[in-house]
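Q: In this note's numbering, the protein residues as written are 6 to 189.
If you are wondering where the hints come from, they were derived from the structure by calculation, not from laboratory data.
Remember, it's a predicted structure, so these values are computed and weren't measured experimentally.
The reader is advised that the hints may include incorrect statements.
[What the hints assert, rightly or not] Simulated restraints on C-beta separations:
no. : residue 1 : residue 2 : range
1   : L139      : R66       : 32 to 42 Å
2   : P131      : A187      : 13 to 23 Å
3   : A151      : G74       : 40 to 50 Å
4   : S154      : W35       : 14 to 24 Å
5   : S72       : C34       : 39 to 49 Å
6   : L71       : A187      : 25 to 35 Å
7   : D37       : P131      : 22 to 32 Å
8   : G74       : S154      : 44 to 54 Å
The beta carbon of each residue, even a glycine, is placed where N, CA and C say it ideally should be.
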Amino acid sequence: MTPPKKKRPLGIERIDKNFQSGAVTYPVCWVDAFDRRIALRGMGWPAENRRAKSFRRLPDRAEEGLSEGVRLLSHCPAGVFLSFFSDAKEIVIRLTVSDVKQMAHMPATGMAGAELYFREGLTWFPGGVAKPSLSDNTFVSPLWEADVSRRREFRVYLPLYKRVNAVALGISQGARIEPAPAPR
Numbered sequence: 006m007t008p009p010k011k012k013r014p015l016g017i018e019r020i021d022k023n024f025q026s027g028a029v030t031y032p033v034c035w036v037d038a039f040d041r042r043i044a045l046r047g048m049g050w051p052a053e054n055r056r057a058k059s060f061r062r063l064p065d066r067a068e069e070g071l072s073e074g075v076r077l078l079s080h081c082p083a084g085v086f087l088s089f090f091s092d093a094k095e096i097v098i099r100l101t102v103s104d105v106k107q108m109a110h111m112p113a114t115g116m117a118g119a120e121l122y123f124r125e126g127l128t129w130f131p132g133g134v135a136k137p138s139l140s141d142n143t144f145v146s147p148l149w150e151a152d153v154s155r156r157r158e159f160r161v162y163l164p165l166y167k168r169v170n171a172v173a174l175g176i177s178q179g180a181r182i183e184p185a186p187a188p189r
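Based on the provided sequences and hints, a complete structural model is requested.
A: What follows is the structure, encoded as structure tokens:
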């Protein structure tokens with residue numbers, strides 16, 4: 006006798022397509038956020054973070070003596086961003102966050118999503134928002150689609166209120182990617 010199949014919880018993404026993370030139908034090359042071709046910015050201890058592959062705003066050694074609230078928030082990478090130049094026509098993000106719990110006062114995109122910005126001259130423009138899954142803590146979401154391949158500077162800001170376990174960018178095959186210098 007075969008055991009009954011375990012039913013998957015019915016996520017809102019299956020009911021309303023507007024809540025689905027975008028489908029990626031084109032091939033991409035994945036680049037880990039800690040790869041030297043991407044600059045990680047917005048962290049006070051970048052060398053320690055890179056060694057530990059951590060997106061925390063405070064290093065582990067600073068945790069002792071912190072209040073519970075500060076300790077929990079130190080795990081959230083608000084203000085941390087990936088900075089790079091690329092000529093990619095498509096950019097996708099694969100993000101793994103700690104959980105899919107929701108906050109009553111914050112949309113999922115602000116809490117667990119990521120935002121891409123690109124620069125034209127001296128001005129930064131929004132380029133795309135990663136829609137997190139409401140039922141899976143790892144999701145893939147398109148951030149950028151362009152008609153032509155042209156070298157641009159990009160920034161991808163990480164989630165505000167979720168512990169981030171892993172980040173990778175998918176760039177269109179054959180595209181180049183290199184770290185951008187620190188902002189002035």
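Q: The structure should be examined with respect to each hint, and the outcome stated for every one.
A: Going through the hints against the structure:
For the pair L139 and R66, the beta carbons lie near 35 Å from each other, so the given range of 32 to 42 Å is met. For P131 and A187, the Cβ-Cβ distance of about 22 Å falls inside the hinted range of 13 to 23 Å, so the restraint holds. Between A151 and G74, the C-beta spacing of about 41 Å keeps the proposed range 40 to 50 Å intact. A C-beta distance of roughly 19 Å is found between S154 and W35, which places it inside the suggested range of 14 to 24 Å.
The hint said 39 to 49 Å for the Cβ distance between S72 and C34, and at roughly 42 Å that hint holds. For L71 and A187, the hinted distance range of 25 to 35 Å is satisfied, since their beta carbons lie about 27 Å from each other. At about 24 Å, the beta-carbon gap between D37 and P131 stays in the expected band of 22 to 32 Å. Distance hint check: the CB atoms of G74 and S154 are about 45 Å apart, consistent with the given range 44 to 54 Å.
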